[in-house]
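Q: Reading the sequence shown from the start, the letters are residues 86 to 221 in my numbering.
No lab work stands behind these hints, which were simulated from the structure alone.
Ideal Cβ placement from N, Cα and C applies to all residues, glycine included.
Errors might be hidden in some of the hints.
[To be verified] Quick list of the computed label-pair ranges, beta carbon to beta carbon:
(1) E98 with T207: 35 to 45 Å
(2) K168 with L199: 23 to 33 Å
(3) N91 with S192: 49 to 59 Å
(4) Q170 with I125: 46 to 56 Å
(5) F184 with K213: 41 to 51 Å
(6) F184 with I96: 36 to 46 Å
(7) K168 with E98: 34 to 44 Å
[To be verified] Taking lysine-lysine pairs in the DSS-like style, the calculated list, with each CA pair at most 30 Å apart, reads:
(8) K93 with K163
(9) K168 with K157
(10) K93 with K219
(11) K168 with K95
(12) K95 with K157
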Amino acid sequence: MEKNINFKAKIKEMKYNDEQRYTISGLWITMCGYIVLMFIKEFLTGHYLIHISIDFLVAVFAFYITLHQFIKQYRIIKRYQLKIQSFSIQLIGVIVSIFVIVLTLKSPFDISFLIMVIAYITSQRIMKKEINLKRL
């Protein structure tokens, strides 16, 4: 009986830790993805923050972190056999942000970060609902 209670406590702790990892991973995707988007905008307009080579190195590093965090989120979803919806919403948010950046190159207003934040928040809420409904 005691082992059963211990096992349930470990499962609950593991779910909580993975939920936190998913949240932190989403924050990394949002921030590093935005850095990559800003480099794309800088590259297309020809106006760089520091210099093209330095901006490029920062963008490549941010792109690597973004991809790594997407893989981490995907593994968490697969571990609990959840629907891919929360993962795809964040991915679609990044893709839509790329299109917004390209379409509004000359505009002083940039809503791509807002799109990514909305995708992040939506993804988090869906994932938390799904993981709390899932019984292990």
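Q: Would you mind marking each hint as holding or not holding in the structure?
A: Outcome of the hint check:
no. : hint                       : in the structure
1   : E98 with T207: 35 to 45 Å  : violated (26 Å)
2   : K168 with L199: 23 to 33 Å : holds (25 Å)
3   : N91 with S192: 49 to 59 Å  : holds (57 Å)
4   : Q170 with I125: 46 to 56 Å : violated (27 Å)
5   : F184 with K213: 41 to 51 Å : violated (28 Å)
6   : F184 with I96: 36 to 46 Å  : holds (41 Å)
7   : K168 with E98: 34 to 44 Å  : violated (23 Å)
8   : K93 with K163              : holds (20 Å)
9   : K168 with K157             : holds (15 Å)
10  : K93 with K219              : holds (13 Å)
11  : K168 with K95              : holds (23 Å)
12  : K95 with K157              : holds (21 Å)
In this structure, the earlier hints numbered 1, 4, 5 and 7 are contradicted, and the remaining ones agree with it.
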